[in-house]
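In order, the protein sequences belong to chains A and B. Residue numbers for the first sequence follow this note's numbering, beginning at 13 and rising by one. Residue numbers for the second sequence follow this note's numbering, beginning at 845 and rising by one.
Treat the hints as calculated values from the structure; they're not laboratory data. It cannot be assumed that every hint is accurate.
Unchecked claim - In the BS3-like style, the derived pairs of lysine-lysine whose C-alpha atoms are separated by at most 30 Å in a straight line are:
(1) B/K1013 / A/K85
(2) B/K1262 / B/K1118
(3) A/K54 / B/K847
(4) B/K1118 / A/K718
(5) B/K1124 / B/K847
(6) B/K1013 / A/K28
(7) A/K28 / B/K847
(8) A/K733 / B/K1013
(9) B/K1424 / A/K733
(10) A/K543 / A/K407
(11) B/K1085 / B/K1118
(12) A/K85 / B/K847
(13) B/K854 / A/K733
(14) A/K24 / B/K872
(15) B/K1262 / A/K20
(16) A/K223 / A/K315
(17) B/K1355 / B/K1119
(18) A/K114 / A/K401
(19) A/K446 / A/K718
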Amino acid sequence: MLFGRKQKNPIKIADKGVVDWKYTTCGYCSTGCSIEVGLDEKGEAVATRGVASADVNRGKLCLKGIYEHELFKLEGRGETPLIRDKFYEPFQKTDWDTALDKTADEIKRIQTTYGRDAFAIVSTGQIMTEEFYTLGKLARGVIGTNNYDGNTTLCMSSAVSGYKRSFGSDGPPGCYEDFEHTECLLAIGSNLPEQHPIIFWRLKQALEKRKFPVIVVDPRVTMMAQMADIHLPVTPGTDLALLNSLAYVILEEGLADKEYIEAHTNNDEEFYKVIEQYDPVTASKICGIDEDTIRNVARTYAKAGAAMTIWTMGINQSTHGSDGVCGINNLNLITGNIGKPGGTSLSITGQCNAMGTREWSSCSGLPGYRTLEKEEDRETIANFWGVDKEFFPKKRGLFQTDIFPAIETGQIKGLWIIATNPMTSMSNTDRIRKTFEKLDFLVVQDAYQDCESNQYANVYFPAGVWAEKEGCFTNTERRVNLIRNVIKPYADSKPDLWIFNQMAKRFEQGQKVKFPETSSGVFDELRELSKGRMLDYSGMTYDKIEAQRGIQWPCKDGDEKGLQRLYTDGKFQYPDGKAKLMPLPFIDNNERPDDEYPFWMNSGRVVEHFHTRTRTGKVGNINKFSPTPYMEMNPDAAKALGIAHGQYARLTSRRGDAVVMVQLTQRVSPNMVFIPFHFHDCVNRLSLGLLDPHSRQPAFKQCAVKIELANDQQSAALRNKEARGF
Amino acid sequence: MYKIRDDEPKYAFLPDTAAPERNRYGEKIDLAAQDNALLGESLNINNDAGVGENPNRYKQHGFYFNADNCISCHACESACSEKNDLPPYLAYRSVGYVEGGTFPNYTRLNISMACNHCDDPVCLKGCPTRAYTKYAEYGAVLQDPDICFGCGYCTWVCPYNAPQLDTEKGHVHKCNMCVDRLEVGLKPACASACLAGALDFGVTETTPENREQLKTQIPGFPTPEISHPNIRFQQTKTLPKEMSRTDSIDVKYRLNDNKDAYVPVINENRANTKKSWNLKKLLSSHENAHIAFTLSAQTVMGAFLLLLCSQYLGVEALSVLTTTAKWPLLIVTFILMSFGLLKLNLHLGRPHRFYRGFNNLRYSPVSREIAGVSMFFAGLSGYGFFSLFENSFATFMMNASAVVAVLGSVIGTYYMYKLYRIPARPYWDHWQTASSFIGTTLSLGGILVVTVGVISNGVSASAALIEITSLIVIAGLAIELIGLVTHARDMKSAQHEGALSHFEQTTKYGKSYWLRNIALLASISVVSAIYLLGATHEAFLALGVLSLALIMTAALIGRALFYVLVIPTTMPGAFFWRNKGFEEHARETGLADMPQTGVVPDSH
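Construct all of the structure, not just a fragment, from the sequences and the given hints.
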C-alpha cells in the first residue's frame, strides 16, 4: 500500500472455475489454431485458450477464438427439427424421424419426377472432414445427384482451379514456416491482420527475427498495406495485368530461373506469347501501378533467394480469379519458387475446413482429389463404397453459383443446404430470394435456426456446432487437426455426421453402402483411400494428430510426421510431372464505374465477424466492434455529395440498393467505397458477382454503385435496424 | 495461485530486465525499499493467502505500446474482457485510433489503452470512498467495487478512460493489472494476447526486447503531466502532421511548433457550424443531478448567509430576514437543500452507501465538498432548530450552528469548485468555475431572499431589502458575466479540448448559448432598473417577475451548458466502440436493445 487503505479487502479477480481443458481446433477461419475449451464443474464451456505447444498458433488466438466457448449457447440455436408445407406458413416443431422421412420422401419424389439432378445439395466449409466425406458418399453414392457443391465456390474455388491448372492438382504447396525462410513476401488481396490475424502474427514474428521486403497489392490502405515496404494500390479487378507484367519484366531482364523452367514446366511458348503483350507501360495503364514500381517489384521478387506469394479473396473473388492464381503460380514457377523453404504460392484459405471439403467432400469430383472425369477414379471409389461405377456421372455437375440459376429456371426443384447462408452470402440478394421461392422443397441444416436462408425452408435440421462433434479440419498449410467432442449437442440438435447417416438409411442404396457411425470409423476410410496419394493420411490417427497438434499431409503410413511442403522434388501432378505455365490474357469484363454509377464498390471481411454473422453477430464482446454495417468512403468524395461522417447513405447499383452508415477515411480512394460483406440485406443487394469462367467464383469485390445521402436519416436508421435480426 | 501451464509459451513470461533506480519523474521504481513493512504481504487474491515469488514484485510495472505495430485486431481487448468476465457494454482495455494523410499515403495509428497505474493516481486521489489503493506490489492501482458507491468521479478525472462506470451494476471497476498472473511471473492477459508485437508489459522504464524507444507521448494520448502514467511508447514511423479522431469528438491532433508533440485542435473539416438549440439534449443530460445539486446548494448558501448577515452583522436593510421572513426562509432553504442533496445521492450507483463519501478527506475534493456541504446543512438545520428555543444553551447552540454553517459553506463552495478543476476536463479547469459558483450564490441567493421577503412582508415593507439585494444580485450576475467573457476568450484560443467545447457552445448549442447570454445581460439591466427605480415604482412587480425569470433561465441553461459541453482529454475511440455519438445513436434507434451491440440501452 502506497496510497489508500491500510485495511485491504481481498482482491477479487474473476475465476471461471475451469476444472478441465479439452483439445479442439478453431471452427472459424482456416488458420487452424489449436484451442482448448475450459469446462467448469457443471460441465459448461466457460473459457477458451490457445494451445501453447501447437505450432500453428503457439498459444495465441484471435478475438473470435478467444470467445469461441460462447458459441454453444448463442441465441437462435435450433432446438428441434422444424417442418412446414409452404415456406409462408409457420414452422411446426417435429421429431427427427418425421423430418428425415419427409426429406427423404421429397428427395425421392423430386428425383423420380424430374430426374436425379433435379435435387441439389449445397454444402459448406464449416463441418468436419469425416462429415464431408460422408455427405459426399450420400450425395454421389446414394442420392446420386450431380448438382452437389459447396459454398467454397464463394471463397476458394479460384485457388482450387488455379492450382489444378498450374500444377495438375489442388493442394497449397507451402506452409506458415515459409515466412521464416523467405526473402520477399508478395501479398495480393490478402489482408492478414483483418482476416487471418494469427497468420499475421506468424509473419510478424518472422519479420522481428529477420527483416525481408513485404509487398502488398490492395486497392485499400489496409493495416497490411500500411506495414508493407511497398504498397501497390491496384485498380480493382486488374491484378492479372500486374502479374503478367511482373512476369514480363522478369523474363525481359533475364531474372528468370531458366533451369527450373526447363526442368519442371512446359507450355512456355504460349505463355511467352501472352506475356509479351504486358510490358509495364501497357500494364500500368490497366492496373494503375506505374512502370517503375512494376519493374522494382519484379526485380525485388526475382532477385530474392526465396520469394513467396500469399493471396486471399482479392484474387479469388474476381472475374479472373482462377487466372490470377495461375498468374501467381507462373510468377513462382519462372523464379523457381515452388516447393522450397520460403518459396511458394500459398493461398490463405477462408473457412476452417474449406480444405477438408476440397479434399474429401466429392463436391467437385470424388474423394481424395479424385475426379469424376477419370474412369480409374470412378472405379476405385465405386468399388470401395460398393456401388455401381456407372451410377457416377462422368463429368462434374453444376457449381454452387450455377445451381441457383438452375433453380431459377426450373431445372432444379429441391435443395438441401448445409451450414451455409446464401440469403446473405450470395450476390444480388433479391434475386436469391426469388430463387428460393421457386423451390418445391428446401431443407436447411444449420446450428442456427435464425440463419436467413431458413426463411424459405420446408424442413429444418438443427445441427450440432463445432466441438459438439468430433472430427478433423484441414488448414491452409494442409495441416489436419482434431476437434475433440467437448460437450454434447445443444438441445435436440445432432451432429451432421449422424444426420447424414440417418438420411442414408432412408434410401435403398444407402442400406447397402457402409456408413460408419463414428467419425473415427470414417477417418479410417480416409486413411485407406488416401494411401499412396499426394494427400496421404495413412500415417495419421486421432491420438497422433492431437499429440502433434495437427499433422500436415502427406503423412505416409509409418511416417512420424507429415511433410511441410509439396513439390519439393519439382514433380507435379500432371501426367508428365511438369507444371504448366499458363497463358493468361486479361479481359476486362468488370462492371466499371461510369457516369451513372461512379464508384467502385469493394467488399471484404472485418476481423470481428465471420461470414454471415450467424455466430459472431451474437457474441456481444466481439460484435460490438461493428454491430451494424458501415461503408468506408473517402472524405473528399463525400464532401462533394454532402455526406458527413456517421450519417446514413443510400447506395444504388444496377441490382438494388442498400443503406449503410458512412465512415469517412482516406483509407479508400476517392472513387471507391468499401463495405464489410457480413451483413444481411446490405452489400449483396448491390453486388454483381460476375462469375469466373473456370472456377465459377463470383467477383464480389468489383462492381459500380452510385451514392447519395439518405434523405430521411431516421427512416434509413430504422431500415438498417430492421435488417439486423442479430 | 494462478496456474502456469507446463508448456506456457516464452512470450507470456515477464522478462527480468534491469531497471533504473528512479523513473523520469524522479520516483523510485522500487516501491518497497524504503518501507520494508510492506514486504512479503499476500495480495489475498480471491482469499488466497499465497505470496508471489516474482523477483520484481515491488517494482513499479507498466505497459509498453509499440504504436508502429498495432493492427487493431482487438485480441488484447478480448483477452482482457474474457479473463475478467466482462459484459459487452464495457471494457478495461480498448483500442481506438487516429488517422491522417491522403489516399494512398494514409496512416492509421491504433492505440490500445487500459489503466496506466499512474505514479500520481488521480482516480485514487479523487475517489471520495477510498475504493482505490496503490499497491507496493507492482505499483498496481486497484479499485474495489465493493467499496465504491458509483459516483463516477474517477471517470471524470482519469485521462485514459480507465475506470469503467458500470451503470447496470452501479459501481466502477477497472483493469487489475492481472496481478494474479504477475504473481507467478506471467505478463497480463492482454500483453500475452497481442498479435502484432505492439502491446507489452514489464518494469516501467525498461525497453522490451527488439524495441528502442521509451517515449511518453504519441498522438491521441493525453499529456503525461496529468498523472505520470506508467506507459511507455515506441513510435518511429513518420506520421502526417494532423491525425484525426474517428469517433464523434471533432478533435484532431496537430504537430506543435516544436515538433515534439501533437496537440488537440478542432477538426474544422468535420465540425458542424450550424447554430442549434439542442434543448432536449441540454436539459436531459446525465448530469442533471449535478445541475440540481449545485444550483440549489449555492442558492441556499447565499440566502442563508444573507440571513446570518442580518442577524450577526446587523445589516439593517436585511432585518426582515430575521423577523417576519425568517421562518419561511428557513423552511424554504431546508427543503431546497434537502432536494439538492437527495438528487445528488440518488445519482449514485449505490445510494445506500452515501456515508462513504467522507472516506477520503485526505485527498479527495469530493469528500471535502461533501463534508463542507454536510457541515453547512447541519449548521442550517441546527440554527433553525435551536432558534425554536429561548434559553442560553439554545442560543449558544444556535450561534455555534451559524459558525458551523458559515465554515461549511466556505469549505463546501471551495471544494465544490476545486473538484471541477480537473486537468482532464479543460473546459472546467478554469477560474470561471469559481466565478460562476460565487456568482450563482449571490444572484440566486439574493433572488430567493427577496422573493421570500416580498411574499412574507409585501413590497412596501421590503423596500430596503429589495434595494440591497438588488446590488447583491447585480454583483453576482456581474461576477458571472466577467467569468464567462474571460472563459469564452480563453477557450476559443486554447490548444486543448476546451476549444472544441467552446465551438460546440456557439454552434451545436449556439441558440441556447445566446439565449443564456441575452438572459444574463437582460437580467443585469432589469435588476439595475429595479435598483434605480426602487420598490415603490409601479413597474416593480412586473420587473421583479421578469428578472426572476431571466435569472433562473440564465442559471439553468448556464449550468446545463457547463455539464453538457465538457469534452474530456481522453483516449480517441473507434468508429463504433468507444464512440459516444454511436452510443447515443444506438439508444435512439433501438439498436442498443440488442445486448450484443455493446451499448447499455439507457444509462439511467
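Hint-by-hint comparison with the structure:
{"no.": "1", "hint": "B/K1013 / A/K85", "verdict": "24 Å, holds"}
{"no.": "2", "hint": "B/K1262 / B/K1118", "verdict": "34 Å, violated"}
{"no.": "3", "hint": "A/K54 / B/K847", "verdict": "20 Å, holds"}
{"no.": "4", "hint": "B/K1118 / A/K718", "verdict": "28 Å, holds"}
{"no.": "5", "hint": "B/K1124 / B/K847", "verdict": "53 Å, violated"}
{"no.": "6", "hint": "B/K1013 / A/K28", "verdict": "19 Å, holds"}
{"no.": "7", "hint": "A/K28 / B/K847", "verdict": "13 Å, holds"}
{"no.": "8", "hint": "A/K733 / B/K1013", "verdict": "27 Å, holds"}
{"no.": "9", "hint": "B/K1424 / A/K733", "verdict": "18 Å, holds"}
{"no.": "10", "hint": "A/K543 / A/K407", "verdict": "24 Å, holds"}
{"no.": "11", "hint": "B/K1085 / B/K1118", "verdict": "27 Å, holds"}
{"no.": "12", "hint": "A/K85 / B/K847", "verdict": "27 Å, holds"}
{"no.": "13", "hint": "B/K854 / A/K733", "verdict": "46 Å, violated"}
{"no.": "14", "hint": "A/K24 / B/K872", "verdict": "28 Å, holds"}
{"no.": "15", "hint": "B/K1262 / A/K20", "verdict": "28 Å, holds"}
{"no.": "16", "hint": "A/K223 / A/K315", "verdict": "16 Å, holds"}
{"no.": "17", "hint": "B/K1355 / B/K1119", "verdict": "6 Å, holds"}
{"no.": "18", "hint": "A/K114 / A/K401", "verdict": "29 Å, holds"}
{"no.": "19", "hint": "A/K446 / A/K718", "verdict": "24 Å, holds"}
In the structure shown, a violation is registered for the earlier hints numbered 2, 5 and 13, in ascending order.
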